[in-house]
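**Q** Here is what each chain is made of, one letter per residue.
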Amino acid sequence: MTQTVTWTRRHLLSLATFSPTEYDTVLQTAASFREVLTRRTKKVPALQGQVVANLFFEPSTRTRSSFELAAKRLSADTLNFAPGTSSLTKGETILDTANTYWAMGANIMVVRHRQAGVPQAIAQAMDQLQTGVRLLNAGDGQHAHPSQALLDLFTLCTQLDWEQPHCQLLQGKKIAIIGDILHSRVARSNLWSLVAAGADVHLAGPPTLLPVEFAAFSGVTLHWELSPAIADADFVMALRLQQERMSAHLLPSLREYRQQFGLTRDRLSVCQPTVKLLHPGPMNRGVEVSSELADAPDISLVPQQVTNGVAVRMALLYLLSNRGEQA
Amino acid sequence: MTQTVTWTRRHLLSLATFSPTEYDTVLQTAASFREVLTRRTKKVPALQGQVVANLFFEPSTRTRSSFELAAKRLSADTLNFAPGTSSLTKGETILDTANTYWAMGANIMVVRHRQAGVPQAIAQAMDQLQTGVRLLNAGDGQHAHPSQALLDLFTLCTQLDWEQPHCQLLQGKKIAIIGDILHSRVARSNLWSLVAAGADVHLAGPPTLLPVEFAAFSGVTLHWELSPAIADADFVMALRLQQERMSAHLLPSLREYRQQFGLTRDRLSVCQPTVKLLHPGPMNRGVEVSSELADAPDISLVPQQVTNGVAVRMALLYLLSNRGEQA
Amino acid sequence: MTQTVTWTRRHLLSLATFSPTEYDTVLQTAASFREVLTRRTKKVPALQGQVVANLFFEPSTRTRSSFELAAKRLSADTLNFAPGTSSLTKGETILDTANTYWAMGANIMVVRHRQAGVPQAIAQAMDQLQTGVRLLNAGDGQHAHPSQALLDLFTLCTQLDWEQPHCQLLQGKKIAIIGDILHSRVARSNLWSLVAAGADVHLAGPPTLLPVEFAAFSGVTLHWELSPAIADADFVMALRLQQERMSAHLLPSLREYRQQFGLTRDRLSVCQPTVKLLHPGPMNRGVEVSSELADAPDISLVPQQVTNGVAVRMALLYLLSNRGEQA
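Protein chains in written order, with our numbering: chain U, 71 to 397; chain H, 71 to 397; chain L, 71 to 397.
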């Protein structure tokens with residue numbers, strides 16, 4: 071990590087104000103950490119003695135493990151906050167919890183919460199108290215999940231240039247996002263990065279799950295049917311269909327959803343021959359993606375997304391830590 | 071840590087028999103670890119290869135995280151016992167659990183339990199088996215919470231002399247403890263240390279929550295009203311009001327409690343102008359402490375208590391480990 | 071660890087196909103790690119930078135802690151999968167979970183599952199994908215619990231030769247296993263190793279809990295009564311009696327079980343005078359073993375089993391990691 075990176079952002083809350091330079095800095099830093107992960111001893115001392123607190127008010131083993139491993143590979147100490155056994159049940163506020171972890175010595179807080187805006191509220195409180203604590207949004211309500219979108223971006227760009235991933239590579243590429251756009255913080259965060267990269271973005275889903283205001287983004291097209299969205303697509307991203315949507319009467323039935331929007335190898339034949347599939351996981355096999363397609367090594371980038379997740383999160387922790395500024 | 075410390079205690083179960091020298095040893099050792107925590111790399115190899123087992127039969131994210139971080143910063147390995155997923159539900163006794171962790175190689179056990187006396191019972195069993203395991207009581211029933219009282223003591227003394235904290239500094243200082251004294255292991259442990267330090271201790275709370283036998287301590291005065299307890303006080307400690315006291319009919323209502331004993335900036339105007347507030351956390355904002363007071367940086371020592379908690383627990387783990395004797 | 075070991079096994083799923091050489095390799099490797107555990111600093115860098123993922127779909131604090139500590143003492147990073155807060159509740163398959171941990175970078179997966187065959191299924195999937203991931207069965211249904219049987223074997227053999235434990239030492243030794251054989255993966259795994267070592271194995275339990283097909287093993291004798299099984303025995307292993315067997319009407323009552331098969335110091339008087347007791351834990355004191363016997367230091371090897379568990383699991387992780395092949 072001898073390269074000079076310019077990075078001034080204190081917190082990573084959303085990609086709404088990300089600049090092309092920032093995207094490229096993340097991509098390049100992740101590429102160098104990806105190299106670390108191929109070594110026999112996959113550790114660097116970059117964050118030795120620093121404390122990363124994973125405050126997952128909404129539980130998530132997958133994302134928490136990814137951040138935890140990223141932190142450990144940077145030699146940081148990690149603390150995991152478990153909501154079930156916490157003081158929150160005793161009436162403590164979220165900000166008091168954050169204050170406690172700051173006072174204990176946390177340098178970076180990775181925050182997930184069911185409610186949009188919580189990571190930002192903690193970040194503001196930490197800034198006001200001049201704590202120097204860095205916030206990383208690991209998913210807040212339906213608002214944002216920036217580290218997921220950045221690992222998706224890294225996965226897309228490294229498909230096009232393994233060694234030198236950068237945003238420009240996606241210029242004009244057709245990328246389809248399929249499913250429950252309305253409730254997806256993953257889709258919202260991906261929109262910012264893909265539009266910034268100049269991609270040709272197509273969203274498709276049932277009308278009840280596809281907010282028309284997304285058509286306001288330049289370069290974004292909406293579809294209520296699958297075929298036009300994925301025709302000639304370079305990449306297709308399937309979103310997870312949350313089964314609780316059914317009880318909210320936003321969807322007629324899983325069967326109907328699968329008939330209209332379920333992705334199969336056959337249906338992807340209208341895409342580019344080199345088309346690749348992404349999915350943020352966990353997958354509902356047989357609903358948004360057929361089980362055969364999910365496991366197809368020639369098409370699915372899902373395992374690569376998970377692997378890249380660790381490298382990208384190492385990059386984010388590294389850049390947000392004050393070491394980033396000194397590099 | 072090149073200073074010579076004299077420390078012969080095997081376990082830390084209660085402060086009832088603590089000597090002034092022991093208090094000062096803890097304060098001085100904590101002061102040197104506080105210095106470690108200001109370094110960029112906040113780790114020392116003092117307990118490398120040692121195992122600290124956190125046996126929290128009563129869950130507590132806050133205290134467990136503090137001990138876990140203290141152990142990691144001493145380079146110890148940590149094991150966390152999670153009661154929900156444990157063999158206790160399968161009928162294993164508490165002593166069998168402790169024996170198992172000892173046999174696995176735990177050197178220090180940090181024990182919290184809903185029932186008073188459990189840490190002591192484990193300590194006796196460990197001594198009888200000549201295991202060499204050290205016990206640290208992290209809160210047992212309404213009996214004791216010595217590490218909390220020691221971090222409170224450290225916080226009080228460093229207010230008076232940052233570099234050389236020692237007990238004598240509290241001689242004659244007026245310290246008020248407000249709230250549910252009856253059910254508070256924090257108050258009980260603080261009584262021992264504050265009385266030993268020669269402080270002028272005033273307890274105040276509703277008659278149902280204020281045991282008259284505490285008046286037997288020399289230097290302790292009891293009040294059923296707030297004003298005389300905090301008049302001219304140098305320090306005020308608020309205790310957490312457990313809301314379940316209401317259903318036990320020990321309290322008429324939260325509203326009435328707040329009216330009589332709730333601390334506000336206004337009410338503290340009868341104290342010394344330099345008065346500072348302590349609270350063991352988690353706080354019930356708007357009940358025992360107003361939200362404005364809780365966040366007042368000129369009065370509240372709450373964040374400092376949390377920070378000091380890590381340094382004091384590092385000191386305790388260090389002193390209890392057999393390395394303490396050799397230093 | 072400079073000795074040359076030959077070890078070709080990729081996964082440890084069951085002991086059914088274990089060779090005498092493999093048993094002896096585990097015993098010798100565990101003996102050298104046991105030596106590490108007597109040092110002041112109980113760590114070796116053997117698995118530095120490697121990731122051990124503990125996937126305990128069935129929760130178990132005891133076994134998980136043992137594997138976690140073994141991994142940490144080999145300097146590996148550990149990830150713990152907590153079923154309660156996992157994607158499994160969101161509909162992800164077990165294989166998807168395993169794929170995710172592999173893609174994140176797990177080198178060894180330690181898997182426990184309520185259902186027999188799950189570790190094997192994951193191992194096959196990992197092999198098919200040529201991931202290089204090593205699987206270690208930490209207990210699957212009523213099928214197998216090989217690391218428990220290997221730590222039992224190590225405990226038995228080191229009783230007979232502390233420095234040079236090897237299988238041959240058990241040749242002709244009478245070993246009784248008492249209790250609920252039917253539901254015990256521990257008993258099943260022990261059968262393979264003890265029969266391979268040439269021990270004279272006697273099983274005893276109520277007819278409903280003693281499968282007659284085990285008589286097919288050469289060197290195994292079945293009993294419906296306690297006395298003939300333990301007469302002149304060198305070692306007696308008590309199994310845990312799962313209390314839920316009662317509701318399944320496989321047992322008349324705990325009291326009757328205790329009267330017929332409960333082990334006491336008195337009853338063991340028919341054994342060899344040097345008889346030793348083993349139990350996989352957690353114990354039901356007063357049911358399968360009297361409390362006095364459980365705590366008798368001259369007879370009980372239970373604490374030693376737990377201690378050996380860490381050394382044996384260090385050996386297994388070491389041998390399964392690709393470092394084993396290079397040593």
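Be aware that one or more of the hints could be misleading.
If several chains are the same, the list does not tell them apart, and a pair holds so long as it fits within one copy or across any two.
Stated by the list, open to error - Below are the SDA-like pairs computed for lysine to any residue, each with C-alpha atoms no more than 25 Å apart in a straight line:
hint, residue 1, residue 2
1, K113, T201
2, K243, P153
3, K243, L321
4, K113, E295
5, K113, T278
6, K113, R335
7, K113, D365
8, K113, E128
9, K113, S145
10, K243, V106
11, K113, Q200
No wet-lab data here; the hints were simulated from the structure. Values in this document were obtained by computation on a predicted structure and should not be read as measured data.
**Q** It remains to establish, for every hint, whether it holds in the given structure.
**A** We went through each hint and held it up to the structure:
In this homomeric assembly, K113 and T201 come within 25 Å of each other (Cα to Cα) only across copies, at 20 Å, whereas the closest approach inside a single copy is 28 Å. Within a single copy, K243 and P153 get their C-alpha atoms no closer than 41 Å, and across copies no closer than 39 Å, so neither meets the 25 Å cut-off. Taking the shortest Cα distances, K243 and L321 never come within 25 Å of each other, neither inside one copy (30 Å) nor across copies (67 Å). Taking identical chains as interchangeable, the C-alpha atoms of K113 and E295 are never at most 25 Å apart, the minima being 46 Å within one chain and 57 Å between chains.
For the identical chains of this complex, K113 and T278 are neighbours neither inside a copy (46 Å) nor across copies (54 Å), given an alpha-carbon limit of 25 Å. For the homomeric pair K113 and R335, neither the shortest alpha-carbon distance inside one copy (38 Å) nor that between copies (50 Å) is at most 25 Å. Taking the shortest alpha-carbon separations for K113 and D365, neither the intra-copy value of 30 Å nor the inter-copy value of 40 Å comes in at or below 25 Å. Taking the closest pair of Cα atoms, K113 and E128 never come within 25 Å of each other, the shortest separation being 29 Å inside a single copy and 31 Å across copies.
In this assembly of identical chains, the alpha carbons of K113 and S145 lie at most 25 Å apart whether taken from the same copy (7 Å) or from different copies (12 Å). Neither within a single protomer nor between protomers do K243 and V106 lie at most 25 Å apart by alpha-carbon distance, with minima of 30 Å and 52 Å respectively. When the C-alpha separation of K113 and Q200 is checked against a cutoff of 25 Å, the pair qualifies only between copies, where the shortest distance is 24 Å, while the shortest distance within a copy is 31 Å.
When held up to the earlier numbered hints, the structure conflicts with 2, 3, 4, 5, 6, 7, 8, 10 and fits the remainder.
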